[in-house]
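Construct the complete structure from the given sequences, taking the supplied hints into account.
Be aware that the sequence shown starts at 1, since it is given in the numbering used here, and climbs by one per residue.
Hints are computed from structural coordinates only; laboratory data are not their basis.
It is possible that some hints are incorrect.
[Claimed, not checked] If you anchor each label on the Cβ, the simulated ranges turn out as follows: (1) Thr-17 <-> Lys-94: 27 to 37 Å; (2) Val-291 <-> Gln-399: 45 to 55 Å; (3) Phe-119 <-> Ala-204: 18 to 28 Å; (4) Gln-399 <-> Thr-17: 48 to 58 Å.
Beta carbons are placed, not taken as given, at the ideal position from N, Cα and C, and that holds for glycine.
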Amino acid sequence: MAREQLEVLNALDVAKTQLYHFTAIIIAGMGFFTDAYDLFSISLVAKLLGRIYYTKPGAPKPGTLPPSVSSSVTGVALVGTLAGQLFFGWLGDKMGRKKVYGITLLLMIVCSLASGLSFGSTPKGVLATLCFFRFWLGFGIGGDYPLSATIMSEYANKKTRGAFIAAVFAMQGFGILFSGIISLAVSAGFDHRYKAPTYEENPAASTVPQADYVWRIILMFGALPAALTFYWRMKMPETARYTALVAKNAKQAAQDMAKVLNVELQAEEEKLERIARRKSNSFGLFSREFVRRHGLHLFGTTSTWFLLDIAFYSQNLFQKDVFSAIGWIPPAKTMNAIHEVYRISKAQTLIALCSTVPGYWFTVAFIDIMGRFAIQLMGFFFMTVFMFAVAIPYHHWTQKENRIGFVVMYALTFFFANFGPNATTFVVPAEIFPARLRSTCHGISAAAGKAGAIVGAYGFLYAAQSTDKTKTDAGYPRVLESRMRSLFLDASTHSECFVLLQCLRRRGNPWKRRPKKLWTKKMRQKKFELWESIVIKPYS
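So, in structure tokens, the structure goes:
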């Protein structure tokens with residue numbers, strides 16, 4: 001017997017792809033564009049901050065941020081993001097998606113600008129102010145995760161819901177690329193205008209006073225894309241699923257979606273009352289019924305996101321250290337401060353352009369063909385393969401003649417992260433939980449991911465140090481075969497995810513409760529029991 005559904009929700013499910021879908025992708029996606037820019041731009045200027053504020057006169061190499069300062073500057077936004085995901089995820093279910101949506105964007109705009117205006121009479125004062133603003137920047141970014149995913153999933157039609165949600169998340173790739181391009185442009189302009197010798201030639205003159213403007217401009221630029229979409233975000237109507245199923249206002253939901261879809265829709269208030277009386281629409285978060293229905297789902301989304309982000313963020317935030325270690329970026333003392341920013345930005349932009357961005361859009365293209373589970377499993381598998389391939393013969397890759405091979409292998413890990421679990425861990429929580437708990441559960445899942453990111457970000461600072469005492473940054477302990485071990489750990493993490501997903505898939509309940517066979521023209525003779533067995537249920 002088919003489940004009873006409101007006309008307005010059915011209209012959204014069966015609607016053809018049209019302009020409002022793409023409008024929603026752009027409005028929600030620009031939030032993720034800004035998120036990625038703000039989170040990853042700090043890695044482009046971290047070494048510059050060390051040169052400006054922590055270079056000691058007469059030192060044989062440029063200054064670097066001390067361990068406690070570096071971990072704070074790099075990781076504090078992730079801590080804020082974790083808090084924001086939990087808070088705004090819960091608030092999105094309590095107050096509505098639209099009411100909270102503007103607050104997150106406003107926080108990002110204000111705190112992006114404030115980060116570039118960080119002040120203080122001492123280096124510690126400047127960086128403490130920077131950390132304060134970046135925490136609240138992360139808090140706003142955190143809110144954007146559950147709200148953008150939930151809004152897009154509730155606006156999308158059933159046929160291409162996965163692709164639409166993935167497209168919102170794919171804007172993160174453009175944000176990473178844009179941060180590299182802006183950093184390239186700013187550093188190239190300043191380097192051309194203010195000529196400076198290398199640190200070897202003249203340590204004092206290698207960091208010109210104008211270098212202080214470089215990191216500020218790069219960080220402040222993140223406010224621009226967010227500001228450009230603020231008006232349109234405020235004009236979006238509340239999603240029909242929240243208005244009807246959570247706020248219990250079928251009339252308002254019908255009116256809002258009639259304008260969006262340009263059709264006449266009935267309010268159906270009596271039908272809404274019958275739907276609301278169902279037992280399946282009354283259980284609370286972490287109740288016994290919730291655990292029975294969605295406990296394994298929540299465990300799956302949180303655990304895989306946590307394990308993924310340990311490796312994903314440690315790789316993204318510390319690409320500069322990896323590239324310096326293999327010699328792709330020259331030693332710091334052979335460059336001036338601004339040119340070092342240029343070289344780091346060039347390397348990260350190349351990786352983003354060739355692997356990160358394509359990976360996201362491969363997911364958009366194939367998620368509704370291959371399925372969520374297949375893409376996630378494939379991504380974890382190939383990430384594991386390529387990380388082991390980089391980690392085990394690590395010293396082979398450090399040879400000058402093998403650097404290009406290392407970069408290719410390293411880039412492939414990013415490609416399969418994004419054509420894989422980095423995208424699907426975002427998509428799935430927006431689909432498998434009921435409307436009244438969707439934003440909260442997505443926030444919990446995303447927060448687990450950021451907990452993994454914090455582990456990766458803080459741990460990599462120590463794991464990336466050289467075994468050679470003369471090459472170890474000040475304040476860091478020496479560690480045995482550190483870079484190889486950190487890469488090996490990333491690979492092991494992905495292998496754990498691979499095993500975990502296989503175990504979850506083999507559990508009898510609920511993964512096979514409603515099997516769905518996915519067929520395509522090219523796969524007529526094969527059938528796949530994919531994650532859609534739990535995703536494509538009667539959507540509420």
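Self-check item: Violated constraints from the hint list, given by number and in increasing order
Solution: none
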